[in-house]
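Given chain A, put chain B in place with the hints provided.
Number of protein chains: 2
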Amino acid sequence: MSAALTDLRPIRIADLRIHSIAVADPPLRSSYGRHQPYALRTIIELISEDGVIGINETYGGEEPKKALLAVRDQLIGRDAFRVTGFLSSLVEGPSGDRSQTMHVPGENPLDATTRTFAAIEVACLDLIGKTIGQPVCDLIGGRVRDEVPFSAYPFYKHAGGGGEGDDAREDEFGEALTPESLTRQVARMIELYGFKDIKFKAGVLEPDLEIETVKEMRRAFGPDVPIRIDPNSAWTVETSIRVGETLRDELAGGGYLEDPTAGIDGMAAVRRGLIKLGIDTPLASNVAVTCFADIPEAVRHDAVQVILCDHHYWGGMRQVQQLARLCKTFGIGLSMHSNNHLGVSLMGMAHVAAATPHLTYACDTHYPWQTAQDEVVLGGRVPIVNGCVKIPDKPGLGVELDHDQLARLKERYEKCPYRKRDDEAEMRKHVDPGWKRILPRW
Amino acid sequence: MSAALTDLRPIRIADLRIHSIAVADPPLRSSYGRHQPYALRTIIELISEDGVIGINETYGGEEPKKALLAVRDQLIGRDAFRVTGFLSSLVEGPSGDRSQTMHVPGENPLDATTRTFAAIEVACLDLIGKTIGQPVCDLIGGRVRDEVPFSAYPFYKHAGGGGEGDDAREDEFGEALTPESLTRQVARMIELYGFKDIKFKAGVLEPDLEIETVKEMRRAFGPDVPIRIDPNSAWTVETSIRVGETLRDELAGGGYLEDPTAGIDGMAAVRRGLIKLGIDTPLASNVAVTCFADIPEAVRHDAVQVILCDHHYWGGMRQVQQLARLCKTFGIGLSMHSNNHLGVSLMGMAHVAAATPHLTYACDTHYPWQTAQDEVVLGGRVPIVNGCVKIPDKPGLGVELDHDQLARLKERYEKCPYRKRDDEAEMRKHVDPGWKRILPRW
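Chains as they are written, first to last, in the numbering used here: chain A, 1 to 442; chain B, 1001 to 1442.
So here's chain A without its partners, still in its complex pose (with noise of 0.2 angstroms):
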């Protein structure tokens, strides 16, 4: 007796409903500027005709609520196996140079179609998994691994945590504006957390306090622990060849050099002049390369070693992976770039990546600087245990909606100032009024 159906089974989409959040964010500093006091994230549902929820989250502040809503009505009725089909022209249209240099990641307007593909993509892979009873990784190729290792991801940051007001919170780490401070920071993430790699965010002090800082970091952590460094291109060609010079025993072993320096042009430099002093030390992107139309020039020039993905904007889980055995391909790594984000953010990256076999590096994470009373997700926080999230064995993302929580995130939005995310203003307000950002910086 077989159980084969002959009539196809739709999973019709009834609604899409789409939440502004206002999450605390400590003051962490990049060569940005500061991170305001709060991080803006996009929840959305996505709901069937039999009432699954297939959730996700995304960049915050209104550009994307704006762009999901102009493709809201084109879901309604409509498969959630066809959504991605039907969208497909927001990541395959014709694209050009997508440099993000002088935008953060999701504020680049140039990949804004990426992002709201990226977003509906990934709710309604959490949609079919609700409904059919399988999780997300499995929906896209088959998990190559239940477990995916995470990064601590240390800032040079001031004194407290995020929020206002209120909405204040407490912050563990402290201030880390010194070598030790930092590295005492990533101690604790590591006690927390059992981090095996750390993603160091650099481009905010003097080059040379960064390199001890690095140095502090493998007196403190020993060599088993790789370092990568990533100063979001503050640096000049000369600067960045002097780091990767005088980090080369640090940052061997699993480390790599990150966006140094702007541009395709700047990186190929430092990768010649790193390669000319002996060095091979990897050169890691995401600003210089942040889409497929990159790629090809970074190529030619060698100017990239390890590309960092994001399904957030690279336009979804299913073109992460695609870009990894792009990679695999050419011989280049494959790291995970962060932004701010929550659980549903980390379960997202963690099913793409335990779907993507060609993952050569620990991801990014910001997880451990929110904290559980902003968390959206039931039940609390994602457990990152020896540096990994386990995927459950739960369908979907593996995790709900905590709806009281949603409120009162939204509800912040709602009476928090900010509308997209602005380091530079917020630099400006605390630090100093007359700052800009300058590339190179040093």
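Hint data in this document are derived by calculation from the structure and do not stem from the laboratory.
What you are looking at is a predicted structure, and each value in this text was computed from that prediction instead of being measured.
Misleading hints may appear alongside valid ones.
[Claimed, not checked] The calculated label-pair distances, taken between Cβ atoms and stated as ranges, are:
#, chain 1, residue 1, chain 2, residue 2, range
1, A, R272, B, L1110, 32 to 38 angstroms
2, B, L1378, A, E62, 50 to 56 angstroms
3, A, E49, B, R1012, 26 to 32 angstroms
4, A, G222, B, R1300, 38 to 44 angstroms
5, B, R1009, A, E191, 37 to 43 angstroms
6, A, K429, B, G1331, 44 to 50 angstroms
7, A, H403, B, L1110, 50 to 56 angstroms
Every residue gets a Cβ at the ideal spot worked out from N, C-alpha and C, and that includes glycine.
Chain B in isolation, oriented as in the chain A frame:
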């Protein structure tokens, strides 16, 4: 009331059945020699514990069967959604040069594991689709087209159809060893199937006769019917350039020159020669480039402007989608290769093509060369109308097996002497006892 599942609902595999079959095949000619009276194929059935049967069709003969038998035990009890992740080492392992200049596709030992993976992947997708009520194309990213265009695929051939003895088949195309008779063959194919493109198998007669054949087709069908020519590496670089120059107009506007000569170096030299003459007829390949590992060198030397995918040996449907993304990224066109096949493979080709945005040419198919008497698909031959295969509103691949037909084709396999494809042997038997494949021949 949400109908969301909270528990997983695996599709557990209970059995894998492997059927070697032999399909009557007319005496088609190519630079490899002459087709044997039977094309060998393998039909597989992947059966779930619920009794649903996923089917697929792949290369035939003893080797593919052995390879499938070797993974059989590892599939039993496993969730169909997780099989592809579990088997991913079959496509993800280290891969070097897989050049198949001297192999017909399906007989290259270097892509044996990739072929095995592909065979299982598609059977899993059909099983999943038939269990949950979704077409395969919508399981792998969603259709971007409902109808998939295929090309007429004329061959020089000897008189008569395929099969031997009682199995000998009528052949409505007759002998075609001249420009005129080959053009009549195409006219008949277009009449029967409505093809809008022509993919012409060359490398058989003197190049001047093949040039004349293309010109004859152009006279007969006009400039709106693109013509592609594929001599399977039979020519020198010089001959290739001469043919490209002579046929510059006939191959323009959607045509291409496919594997005119052997190897990436040879192809690159042809490309340089043509460009020097101001001719940008794209060079296509499924011989110089047969796997991802071949691509970087091909890109570096601009050796290939169109890659012919084939899910049967590129590692399945998702690998083809990844190839498509890579091709789009590097400005390379994507076409689709075919070997002799029945309706199950045709539907596989149609489904992956339906879910692959960057497919820039009508697909190849040998389908017109097989007969209704040899179809294993229940209800008979898959319709090709206006040159297109329509994705049916049915789960999985949209076709089922005709078990009586399958039994007949299996019995024939058992009785016939052929266990692997050998076009050279067939050539020696019927045409020239001393025949050898010589590259380049002209």
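Against the structure, the hints come out as follows:
{"no.": "1", "hint": "A:R272 to B:L1110: 32 to 38 angstroms", "in the structure": "holds, 35 angstroms"}
{"no.": "2", "hint": "B:L1378 to A:E62: 50 to 56 angstroms", "in the structure": "holds, 55 angstroms"}
{"no.": "3", "hint": "A:E49 to B:R1012: 26 to 32 angstroms", "in the structure": "holds, 29 angstroms"}
{"no.": "4", "hint": "A:G222 to B:R1300: 38 to 44 angstroms", "in the structure": "holds, 40 angstroms"}
{"no.": "5", "hint": "B:R1009 to A:E191: 37 to 43 angstroms", "in the structure": "holds, 39 angstroms"}
{"no.": "6", "hint": "A:K429 to B:G1331: 44 to 50 angstroms", "in the structure": "holds, 46 angstroms"}
{"no.": "7", "hint": "A:H403 to B:L1110: 50 to 56 angstroms", "in the structure": "holds, 55 angstroms"}
When the structure is compared with the earlier hints, no violation turns up for any of them.
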